[in-house]
Amino acid sequence: MNDDLDRQNNNIIANWARKHSLWVLAYGTGCGAIEVPPTMTSRYDAERFGITGMATPRQADVLLITGYLAIKTLKRVIRTYEQMQAPKYVIGFGSCTINGGMYWDSYNTIKRLDDYIPVDIFINGCMPRPEGVIDGFIKLQERIARGQAKGWQHYQENLDWYRANQKKVIKNWTMPDYNW
Amino acid sequence: MDSKLIKEQEIKRNINNAFRSAEVTVVRRRRISVRFRAGILPAFISYLKEYMGFVHLVMISCVDWLEDNQFELVYHLWSYEEHIHAMIKIRLDRDNAQIKSLSSLWPHAETYEREIHEMFGVDFEGHPGLTDLILEDWSDLPPMRRDFDTRAFVAETFEWRKGREDAQDVRQTISARYGETIPEFKKDK
Amino acid sequence: MAALLTKEKETTLYLGPQHPGITGNMMVELKLTGDTIQRAKTHVGYLHRAFEKLMEERLWMQCFPIVCRICVPEPDPNEENLARAIEEIEGREVPERAQYIRVLMLELARITAYLMWMGGQSGSMGLYTMPQWSIGDRDYILDLFEELTGGRVYHMYIWAGGVRRDLPVGFKDRVRKVMDYIESRLVDYDRLLFENAIFLKRAQGIGIIDKEKALEWGVVGPPLRGCGIAHDVRKDEPYEVYDQLDFELITHEGNDVYSRAMVRRKEIEQSIHIIRQVLDKMPSGPIHNPGPNPLKWKVPAGDAYVRTESARGEFGYYVVSDGSLKPRRVHVRGPAYVHGIALLEHLLQGANVADVSFIMNSLGTCPPEIER
Numbered sequence: 001m002n003d004d005l006d007r008q009n010n011n012i013i014a015n016w017a018r019k020h021s022l023w024v025l026a027y028g029t030g031c032g033a034i035e036v037p038p039t040m041t042s043r044y045d046a047e048r049f050g051i052t053g054m055a056t057p058r059q060a061d062v063l064l065i066t067g068y069l070a071i072k073t074l075k076r077v078i079r080t081y082e083q084m085q086a087p088k089y090v091i092g093f094g095s096c097t098i099n100g101g102m103y104w105d106s107y108n109t110i111k112r113l114d115d116y117i118p119v120d121i122f123i124n125g126c127m128p129r130p131e132g133v134i135d136g137f138i139k140l141q142e143r144i145a146r147g148q149a150k151g152w153q154h155y156q157e158n159l160d161w162y163r164a165n166q167k168k169v170i171k172n173w174t175m176p177d178y179n180w
Numbered sequence: 001m002d003s004k005l006i007k008e009q010e011i012k013r014n015i016n017n018a019f020r021s022a023e024v025t026v027v028r029r030r031r032i033s034v035r036f037r038a039g040i041l042p043a044f045i046s047y048l049k050e051y052m053g054f055v056h057l058v059m060i061s062c063v064d065w066l067e068d069n070q071f072e073l074v075y076h077l078w079s080y081e082e083h084i085h086a087m088i089k090i091r092l093d094r095d096n097a098q099i100k101s102l103s104s105l106w107p108h109a110e111t112y113e114r115e116i117h118e119m120f121g122v123d124f125e126g127h128p129g130l131t132d133l134i135l136e137d138w139s140d141l142p143p144m145r146r147d148f149d150t151r152a153f154v155a156e157t158f159e160w161r162k163g164r165e166d167a168q169d170v171r172q173t174i175s176a177r178y179g180e181t182i183p184e185f186k187k188d189k
Numbered sequence: 001m002a003a004l005l006t007k008e009k010e011t012t013l014y015l016g017p018q019h020p021g022i023t024g025n026m027m028v029e030l031k032l033t034g035d036t037i038q039r040a041k042t043h044v045g046y047l048h049r050a051f052e053k054l055m056e057e058r059l060w061m062q063c064f065p066i067v068c069r070i071c072v073p074e075p076d077p078n079e080e081n082l083a084r085a086i087e088e089i090e091g092r093e094v095p096e097r098a099q100y101i102r103v104l105m106l107e108l109a110r111i112t113a114y115l116m117w118m119g120g121q122s123g124s125m126g127l128y129t130m131p132q133w134s135i136g137d138r139d140y141i142l143d144l145f146e147e148l149t150g151g152r153v154y155h156m157y158i159w160a161g162g163v164r165r166d167l168p169v170g171f172k173d174r175v176r177k178v179m180d181y182i183e184s185r186l187v188d189y190d191r192l193l194f195e196n197a198i199f200l201k202r203a204q205g206i207g208i209i210d211k212e213k214a215l216e217w218g219v220v221g222p223p224l225r226g227c228g229i230a231h232d233v234r235k236d237e238p239y240e241v242y243d244q245l246d247f248e249l250i251t252h253e254g255n256d257v258y259s260r261a262m263v264r265r266k267e268i269e270q271s272i273h274i275i276r277q278v279l280d281k282m283p284s285g286p287i288h289n290p291g292p293n294p295l296k297w298k299v300p301a302g303d304a305y306v307r308t309e310s311a312r313g314e315f316g317y318y319v320v321s322d323g324s325l326k327p328r329r330v331h332v333r334g335p336a337y338v339h340g341i342a343l344l345e346h347l348l349q350g351a352n353v354a355d356v357s358f359i360m361n362s363l364g365t366c367p368p369e370i371e372r
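Chains as they are written, first to last, in this note's numbering: chain A, 1 to 180; chain B, 1 to 189; chain C, 1 to 372.
It is worth saying that the hints were derived from the structure and are not from the lab. One thing to keep in mind: the hints can contain errors.
Listed next, with one range per pair, are the computed distances between beta-carbon atoms [claimed, not checked]:
1. Gln9(B) with Asp243(C): 54 to 64 Å
2. Tyr51(B) with Glu253(C): 23 to 33 Å
3. Asn352(C) with Trp23(A): 38 to 48 Å
4. Leu200(C) with Asn11(A): 43 to 53 Å
5. Val187(C) with Ile6(B): 42 to 52 Å
6. Glu253(C) with Ser21(A): 45 to 55 Å
7. Pro65(C) with Tyr51(B): 22 to 32 Å
8. Thr131(B) with Asn352(C): 25 to 35 Å
9. Tyr14(C) with Asn11(A): 34 to 44 Å
Beta carbons: idealized from backbone N, C-alpha and C, even for Gly.
Using the sequences and the accompanying hints, generate a full structural model.
Below, the structure written as structure tokens:
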């Protein structure tokens with residue numbers, strides 16, 4: 001199975017196509033959602049790079065975690081992430097996804113996003129400017145073209161580790177265990 | 001100064017005529033503060049609402065006075081006619097915090113009471129549903145209490161990325177990585 | 001047919017938190033028969049960061065970067081409120097120039113919030129041109145913010161005793177230029193949205209707030225003025241220099257989504273008018289009345305409630321100090337707390353599923369200030 005995944009990841013033509021149509025799931029998980037509309041609209045116009053919004057997780061390629069995640073949201077984010085079709089990419093947006101940022105001592109926000117879902121690119125800043133966001137997307141595109149954006153594959157291979165981390169903070173695990 | 005506070009003094013007199021036990025203080029222009037006892041609070045508040053024109057429930061706050069072993073509930077009311085803000089302060093015993101609900105007077109009082117119940121553990125009698133508002137599956141102490149230590153909880157629940165805990169100078173990392181020298185800044189005296 | 005409909009089973013629909021029509025990260029649970037909402041329940045808490053707890057752990061000065069994150073589209077009323085509450089407890093005077101600069105910031109922030117709202121409101125009815133225009137234009141104001149404060153979204157500019165920096169050279173002219181531009185764009189906005197036949201058909205008669213009950217329900221801000229009730233914190237309890245400025249209180253009869261939209265639309269003009277007056281009247285002088293060393297800054301014991309008119313209504317802070325280095329309690333009253341839970345649940349009864357996000361946007365529901 002892993003060979004199969006590797007082959008998918010290293011397919012140059014498919015990667016070239018993926019790179020130029022990144023559909024971002026329109027899920028504003030945190031305050032970073034305020035810089036997404038300027039990025040998408042006329043001034044910064046991220047659609048030049050093939051980046052556009054998508055309403056349903058099934059058709060989206062990129063999950064943009066716009067900032068801190070409360071534990072209650074983390075549960076929904078995991079559910080959303082697992083609904084997305086592979087290949088899928090996660091962008092951690094803002095300092096609070098990296099190490100908790102301003103909310104380092106808050107009891108309700110997670111501190112490291114990559115403990116719970118695999119992150120391909122972090123964009124730092126509180127909050128990142130639209131130029132920074134676009135730059136993050138371009139870096140993601142480069143990684144996709146090189147076949148390095150393998151977070152989704154990493155998630156499949158280390159599901160137990162991720163699940164253990166997730167269950168540590170989500171007390172009442174009512175979701176079905178994911179079936180690959 | 002006093003001539004400017006005519007409206008406030010009048011409201012103070014009216015309240016004292018109706019409820020002798022209310023301790024009214026005029027804080028400044030447009031602010032009065034009332035200390036009251038918890039027992040007949042709904043009657044007092046509905047008097048303010050129906051007869052004194054305090055129709056707008058701004059919010060209900062709760063302050064935890066851990067040293068006195070008391071919670072202080074503050075009901076903020078605003079009168080659109082007189083443009084006066086009243087803070088009704090009530091002390092509750094911390095171990096047995098219970099008070100009558102105001103959800104029959106204002107529909108949105110219900111939300112505030114739900115939050116205070118969740119965050120402080122104050123019980124509201126006659127509330128239609130004291131379910132969780134903000135938190136989910138919370139089993140610890142109510143988090144806004146002073147004796148809940150958020151830093152200890154975080155240290156226990158989450159793992160920090162390296163470098164966060166010692167809060168070291170970022171410039172050192174950068175200089176180590178790129179071989180640059182750190183510029184000397186003038187020391188503050 | 002009618003018999004069929006009455007027999008129809010009640011279904012539950014969860015709208016959000018991952019839904020493009022929801023204003024932010026929250027969920028509405030709808031009980032439906034067919035397309036009609038019988039009951040609605042709001043679920044919040046997805047954005048809870050425990051700000052009020054964090055502020056109890058921070059020095060007074062460290063609270064300023066925290067509070068502006070409470071409301072994302074319009075962070076300045078938060079800083080203004082905290083600063084004014086501390087000044088009231090301490091009895092600290094604010095220089096007049098700083099007061100004018102604060103009003104300038106607050107009104108610029110109001111315009112950005114209204115432009116953002118315009119995008120959301122029209123996006124929720126499928127008019128995607130409007131966000132392209134209004135959010136693009138909003139960026140010109142963000143550029144002004146960036147020049148003045150260093151931050152596009154979060155400014156941390158207003159602090160106790162005044163403001164952090166003086167206006168840069170030529171800043172007033174640039175503000176005037178942007179205001180002229182926004183004013184010229186209003187004609188285009190009218191043509192695209194406010195006089196748009198689809199918007200008129202769609203918005204009139206939807207989301208009606210009972211005028212008699214509006215005050216009791218705790219409705220504030222543009223939704224209240226959209227019921228024809230003239231209340232505004234800037235007039236009721238003037239703060240800073242609003243009592244020296246000339247502006248009109250906008251009201252609109254109709255109680256529906258359309259009247260709320262028109263109130264906001266006309267308030268943009270009033271804000272531009274206020275900003276021009278501020279620029280003309282602004283005196284010279286100091287901009288900050290410094291306090292003690294921030295590391296040893298003890299605010300005397302006491303409490304204060306202050307309120308500011310934000311783009312969504314009355315924004316209030318109740319600050320309690322026990323005389324120590326850290327606040328005892330800071331309680332935030334966001335206007336969306338009332339609009340987004342009790343009022344929204346009430347307005348959604350009997351509405352159509354397609355109108356949910358339309359009504360939510362018209363109330364200006366902003367989840368981060370509900371749960372802080």
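Do the hints match the structure? See the list:
no.	hint	in the structure
1	Gln9(B) with Asp243(C): 54 to 64 Å	violated (23 Å)
2	Tyr51(B) with Glu253(C): 23 to 33 Å	holds (29 Å)
3	Asn352(C) with Trp23(A): 38 to 48 Å	violated (29 Å)
4	Leu200(C) with Asn11(A): 43 to 53 Å	holds (52 Å)
5	Val187(C) with Ile6(B): 42 to 52 Å	holds (48 Å)
6	Glu253(C) with Ser21(A): 45 to 55 Å	holds (48 Å)
7	Pro65(C) with Tyr51(B): 22 to 32 Å	violated (44 Å)
8	Thr131(B) with Asn352(C): 25 to 35 Å	holds (27 Å)
9	Tyr14(C) with Asn11(A): 34 to 44 Å	holds (37 Å)
In this structure, the hints that do not hold are numbers 1, 3 and 7, in rising order.
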